[in-house]
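Each chain is listed here by its residues.
Number of protein chains: 10
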Amino acid sequence: MPDTSLLEFFDSPSDTPFLIEHVNEEFTSVCPKTGHPDFGTITLRYQPAAVCVELKSLKMYFQSFRNEGIFYEAVTNQIRDDLAATMSPDWLQVITDWKGRGGIRSRITAEHGDVPLHR
Amino acid sequence: MPDTSLLEFFDSPSDTPFLIEHVNEEFTSVCPKTGHPDFGTITLRYQPAAVCVELKSLKMYFQSFRNEGIFYEAVTNQIRDDLAATMSPDWLQVITDWKGRGGIRSRITAEHGDVPLHR
Amino acid sequence: MPDTSLLEFFDSPSDTPFLIEHVNEEFTSVCPKTGHPDFGTITLRYQPAAVCVELKSLKMYFQSFRNEGIFYEAVTNQIRDDLAATMSPDWLQVITDWKGRGGIRSRITAEHGDVPLHR
Amino acid sequence: MPDTSLLEFFDSPSDTPFLIEHVNEEFTSVCPKTGHPDFGTITLRYQPAAVCVELKSLKMYFQSFRNEGIFYEAVTNQIRDDLAATMSPDWLQVITDWKGRGGIRSRITAEHGDVPLHR
Amino acid sequence: MPDTSLLEFFDSPSDTPFLIEHVNEEFTSVCPKTGHPDFGTITLRYQPAAVCVELKSLKMYFQSFRNEGIFYEAVTNQIRDDLAATMSPDWLQVITDWKGRGGIRSRITAEHGDVPLHR
Amino acid sequence: MPDTSLLEFFDSPSDTPFLIEHVNEEFTSVCPKTGHPDFGTITLRYQPAAVCVELKSLKMYFQSFRNEGIFYEAVTNQIRDDLAATMSPDWLQVITDWKGRGGIRSRITAEHGDVPLHR
Amino acid sequence: MPDTSLLEFFDSPSDTPFLIEHVNEEFTSVCPKTGHPDFGTITLRYQPAAVCVELKSLKMYFQSFRNEGIFYEAVTNQIRDDLAATMSPDWLQVITDWKGRGGIRSRITAEHGDVPLHR
Amino acid sequence: MPDTSLLEFFDSPSDTPFLIEHVNEEFTSVCPKTGHPDFGTITLRYQPAAVCVELKSLKMYFQSFRNEGIFYEAVTNQIRDDLAATMSPDWLQVITDWKGRGGIRSRITAEHGDVPLHR
Amino acid sequence: MPDTSLLEFFDSPSDTPFLIEHVNEEFTSVCPKTGHPDFGTITLRYQPAAVCVELKSLKMYFQSFRNEGIFYEAVTNQIRDDLAATMSPDWLQVITDWKGRGGIRSRITAEHGDVPLHR
Amino acid sequence: MPDTSLLEFFDSPSDTPFLIEHVNEEFTSVCPKTGHPDFGTITLRYQPAAVCVELKSLKMYFQSFRNEGIFYEAVTNQIRDDLAATMSPDWLQVITDWKGRGGIRSRITAEHGDVPLHR
Chain S
1 MPDTSLLEFF
11 DSPSDTPFLI
21 EHVNEEFTSV
31 CPKTGHPDFG
41 TITLRYQPAA
51 VCVELKSLKM
61 YFQSFRNEGI
71 FYEAVTNQIR
81 DDLAATMSPD
91 WLQVITDWKG
101 RGGIRSRITA
111 EHGDVPLHR
Chain Z
120 MPDTSLLEFF
130 DSPSDTPFLI
140 EHVNEEFTSV
150 CPKTGHPDFG
160 TITLRYQPAA
170 VCVELKSLKM
180 YFQSFRNEGI
190 FYEAVTNQIR
200 DDLAATMSPD
210 WLQVITDWKG
220 RGGIRSRITA
230 EHGDVPLHR
Chain R
239 MPDTSLLEFF
249 DSPSDTPFLI
259 EHVNEEFTSV
269 CPKTGHPDFG
279 TITLRYQPAA
289 VCVELKSLKM
299 YFQSFRNEGI
309 FYEAVTNQIR
319 DDLAATMSPD
329 WLQVITDWKG
339 RGGIRSRITA
349 EHGDVPLHR
Chain E
358 MPDTSLLEFF
368 DSPSDTPFLI
378 EHVNEEFTSV
388 CPKTGHPDFG
398 TITLRYQPAA
408 VCVELKSLKM
418 YFQSFRNEGI
428 FYEAVTNQIR
438 DDLAATMSPD
448 WLQVITDWKG
458 RGGIRSRITA
468 EHGDVPLHR
Chain U
477 MPDTSLLEFF
487 DSPSDTPFLI
497 EHVNEEFTSV
507 CPKTGHPDFG
517 TITLRYQPAA
527 VCVELKSLKM
537 YFQSFRNEGI
547 FYEAVTNQIR
557 DDLAATMSPD
567 WLQVITDWKG
577 RGGIRSRITA
587 EHGDVPLHR
Chain P
596 MPDTSLLEFF
606 DSPSDTPFLI
616 EHVNEEFTSV
626 CPKTGHPDFG
636 TITLRYQPAA
646 VCVELKSLKM
656 YFQSFRNEGI
666 FYEAVTNQIR
676 DDLAATMSPD
686 WLQVITDWKG
696 RGGIRSRITA
706 EHGDVPLHR
Chain X
715 MPDTSLLEFF
725 DSPSDTPFLI
735 EHVNEEFTSV
745 CPKTGHPDFG
755 TITLRYQPAA
765 VCVELKSLKM
775 YFQSFRNEGI
785 FYEAVTNQIR
795 DDLAATMSPD
805 WLQVITDWKG
815 RGGIRSRITA
825 EHGDVPLHR
Chain C
834 MPDTSLLEFF
844 DSPSDTPFLI
854 EHVNEEFTSV
864 CPKTGHPDFG
874 TITLRYQPAA
884 VCVELKSLKM
894 YFQSFRNEGI
904 FYEAVTNQIR
914 DDLAATMSPD
924 WLQVITDWKG
934 RGGIRSRITA
944 EHGDVPLHR
Chain B
953 MPDTSLLEFF
963 DSPSDTPFLI
973 EHVNEEFTSV
983 CPKTGHPDFG
993 TITLRYQPAA
1003 VCVELKSLKM
1013 YFQSFRNEGI
1023 FYEAVTNQIR
1033 DDLAATMSPD
1043 WLQVITDWKG
1053 RGGIRSRITA
1063 EHGDVPLHR
Chain V
1072 MPDTSLLEFF
1082 DSPSDTPFLI
1092 EHVNEEFTSV
1102 CPKTGHPDFG
1112 TITLRYQPAA
1122 VCVELKSLKM
1132 YFQSFRNEGI
1142 FYEAVTNQIR
1152 DDLAATMSPD
1162 WLQVITDWKG
1172 RGGIRSRITA
1182 EHGDVPLHR
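Residue numbers (the working numbering), protein chains in the order written: chain S, 1 to 119; chain Z, 120 to 238; chain R, 239 to 357; chain E, 358 to 476; chain U, 477 to 595; chain P, 596 to 714; chain X, 715 to 833; chain C, 834 to 952; chain B, 953 to 1071; chain V, 1072 to 1190.
Source of the hints: derived by calculation from the structure; they are not laboratory data.
Virtual Cβ for every residue (Gly too), placed ideally from N, Cα, C.
There may be inaccurate statements among the hints.
Unchecked claim - From the structure, some residues in chain X lie toward chain B, with a derived Cβ separation under 10 Å:
{"hint": "1", "residue": "GLU739"}
{"hint": "2", "residue": "GLU740"}
{"hint": "3", "residue": "THR742"}
{"hint": "4", "residue": "LYS747"}
{"hint": "5", "residue": "HIS750"}
{"hint": "6", "residue": "PRO751"}
{"hint": "7", "residue": "ASP752"}
{"hint": "8", "residue": "PHE753"}
{"hint": "9", "residue": "LYS773"}
{"hint": "10", "residue": "GLN777"}
{"hint": "11", "residue": "ARG780"}
{"hint": "12", "residue": "ASN781"}
Work the whole structure out from these sequences, hints included.
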């Protein structure tokens, strides 16, 4: 079950705004309709305000979706909401790319905050 | 025959604007001039207002063009019009990429609504 | 319905053995179990004995599978049998590559006659 | 000899602005200086006003350059001028990409009308 | 838990030897040492004797490894053994390609029976 | 019109057998059935006996097919025969790869002499 | 230990603003948490004011991180700060791309100064 | 020795602004520090005012750098200055991409004039 | 310093011969002549006799070369000798691919035992 | 002028046969007919007998062809002869790949000694 208590944070190493991108090509959850597993890539981009997310804790958080029945659109919005609430970043973007189902592949994009000038 | 009654919708999981993209690499219709089959890729991108299109119903709608005699430009505009009318999205874009005919390959792009800030 | 009467042939332009390969990336038939369309690429390789298959007639023969309900393995063996019977080539190979279904993509290979030395 | 009388047109299927792109990877003309053939790819992009160019007639028009002695820059401007004059589109762009000569490959880009918002 | 009772078979459509390849890019199991998920691609190639494996049942069999703690080398040999025992093919090959762990990616290859002449 | 008198040769620089490959990606001839141009890549590989073909003369020979109406299979066998007759090489192979027509692309392979050990 | 005294500079060869990009695909440092080596690519882009960094000295500076225990985010900000302090460029951007750890690959981007018009 | 007298020009075939790009992947000069050869790709883009540079003369001009000892940054600025002075174009951009030295590859970009609207 | 005591082994899970390949794209050692770091990819392929090498211990063994001054040819032969001595495999192959130095990239291949039939 | 006195050798680090490959993508010489520079990639593969060629000396030897007027076929045979004479390897292969001239690119392959079993 998705679990934000797995997330850990550390203080940003700079007061100058900068950007961080983490790409997880090994995401899997379960389709609530068919019960079959879904496979996707999660791209997280953000401009930290005060804290950064620790990489291994982020991996554990993503793994907590493994046996969760949840739609593409809901996964994407939940990750955006969870990370926006726990990190309060200046800007955050979550992109999920899903392998094809019935010949159709999908990408969902959700954002939080104003797009930074330097992106 | 293209049939919008095949389309099903579900409520958008978030009030915050976000983007959805579905790519169908297995689209086929028939050239009304030569009777030969055409093969293409349909890319649908939209920002939902109140509802999202259900993925399997979208696939069935695309399959309803299989034995329809229709030109590239008309397919693209019809899909844009059908989805805009049934979903009323904030923004919607349809891109069709067609395999080569006589050494020429083609792409048609149609849009509905204002381009979202976050695209 | 698959129809070998569509096939036309012309005399081989040389008595010296040589090889011919035709690749059709626009093959489609229908899954007899689910009724959903299948999409694949057909690769035909052969060493002609007395005749070669005419290209446009080969295309029409492949198109005659469009609305046929037939499994991957059966398509491949039928094309091998049809072309071996009508052309009597020294050697013939049919390879079918099918787009993914349920996350699994497939390739079937069938041959007729002895592999030529020069392949 | 380049011949615009080969071009045929059909009425645009929509009043909503949309974009069309045709890519011909099989263009050839002759260098007027050396007499050697030149090989290139022509990309045509436009937003139709009232009419669209018919695909097979466009192919015949491109083929009419086959034995014409003409420089890269002149080919590109002539295609732009010919199509702007016969179609009166809202916007039109012609890009020609030429295979290397003496280790140098080239691209020429010519436009007509204002760049559309939705490009 | 890996479960061969999920596998279903159908009669081979031809007495002439031919080859079948199924590639599953969405395989996941669990590392028995760390508890972290492993992700890989399973390639199955075989020459059927009397029966072929049905595609959807193969998918269900592969999914039965999802929460199993098992090493790369053991997964590969178990799939080889399970399929050889249930299908008795003339020849069978299982190749597993695993995403990197600690900067090292791995491939394991196991075979059953004599390599066919036509491979 | 294909013209072998354009070909020039020079003495092989070594008595030790070696291999030469020339790839011409800019070949064009005309389909004798439709009158439309065909575009292909010609790969010539050979082990010289006494002489090698001069590169610019080879280019002029290939260009002499430009406005010739001739089928794929005939082009390939004629180039094989012309070069075998004029160079008397130990071994020679001609491979022609043709761009798609009607969704089908083709490759024709013709050889002369015994395959060299070192190929 | 990172050492800016290794850096050498030379006078910019032009008063007209221009851009310089150096990409080092062979960067390695050490994870301070696990002690395992990290591998990345460093992209440095800048618009020089008065001086440019000498290429071999830049390489030596990058090598001085080889056995340093330091996080991704800190490496990126330190390089930005070191080069901004020693070169006083009009604009400078540092992008670090890190190979996957636990299935997640990362990119960090830090900038100094106003983005130039001509980028 | 770089020699602008090798450059020849011809009148622009159109009064409507258009863009020209020439890419030379076979540039070589010599490092003035080590005496070793440098290898790069030169991309020249410009919007002609009254004249265009003739392609073969441009090649000869680039070849005149072959045995010149000159740094990356100086090559790029000299080509920009030479071509701006002799052609007086509306806009001109020179990008040089250099193969790796000591594991670092480089790109230098210099411009002249205002960026055209249609780029 | 290269240290075989870091290597750990486990019993092969099958008596039927099978093949294992591990690819480490993050290998680094030091050039004994210049003192500069070398970067390479190590590919290890083997057919186990009684034991397999444990993946994390293999990674630690590879990391023990990090600050060792050693030539390409010597690294390759040492890894072959170390693993052949400690695992006594039926067959073993080590391939090292090194990033370019002075514009020349290198690959060294060393083997132990007879090439297996099924490779 | 090609100069074998630049070549240096070191004792092979192993009595067990192994293979070495060096790829130089930065080779240039001059066409003796036109005076224009030729650009190519030289691949050297060999199984050492007693000695290996030192990498930097090999680079200097390759650079000694820079301003030499020499045909593709002659370059390849000369490098084969020079290295066979100075190293006396068990086996040696030289492959030269030349960038296109007049739309034709070329590859020349020369060997010395018997092909090793393990290649």
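Restraint: X/GLN777 near chain B, CB-CB cut 10 Å. Satisfied or not? 7 Å, holds
- Task: Tell me if X/THR742 is really an interface residue toward chain B, meaning its C-beta lies closer than 10 Å to one of theirs.
- Result: 6 Å, holds
field: Satisfaction of the X/GLU739 interface hint, Cβ to chain B closer than 10 Å
entry: 7 Å, holds
query = Can X/PRO751 be said to touch chain B, with a Cβ gap under 10 Å?
reply = With a closest approach of 7 Å, the X/PRO751 hint holds.
Should the interface hint for X/ASN781 be scored as holding, given a Cβ-Cβ cut-off of 10 Å against chain B?
Since the shortest Cβ distance to chain B is 7 Å, the answer is holds.
Hint X/HIS750 vs chain B: min CB-CB distance below 10 Å? For X/HIS750, the interface hint holds, since the closest Cβ of chain B sits about 7 Å away, which is under 10 Å.
| field | Restraint outcome when X/GLU740 is required to lie within 10 Å of chain B by C-beta distance | value | 5 Å, holds
The hint names X/LYS747 as touching chain B; please verify it with the least Cβ-Cβ distance against 10 Å. Violated. Min distance 16 Å.
So, as I understand it, the hint says X/LYS773 touches chain B; can you test that by seeing if any CB pair is closer than 10 Å? 8 Å, holds
- X/ASP752 as an interface hint toward chain B, with CB separation required under 10 Å: Holds. Min distance 9 Å.
Note to self: Is the interface hint satisfied for X/PHE753? The criterion is a beta-carbon contact with chain B at less than 10 Å.
What the structure shows: Result: holds, 5 Å to nearest chain B Cβ.
Query - Given hint X/ARG780 near chain B, where the shortest CB pair must fall under 10 Å - result: Hint holds; X/ARG780 Cβ to chain B Cβ min 7 Å, cut 10 Å.
Hint compliance for this structure: hint 4 alone is broken.
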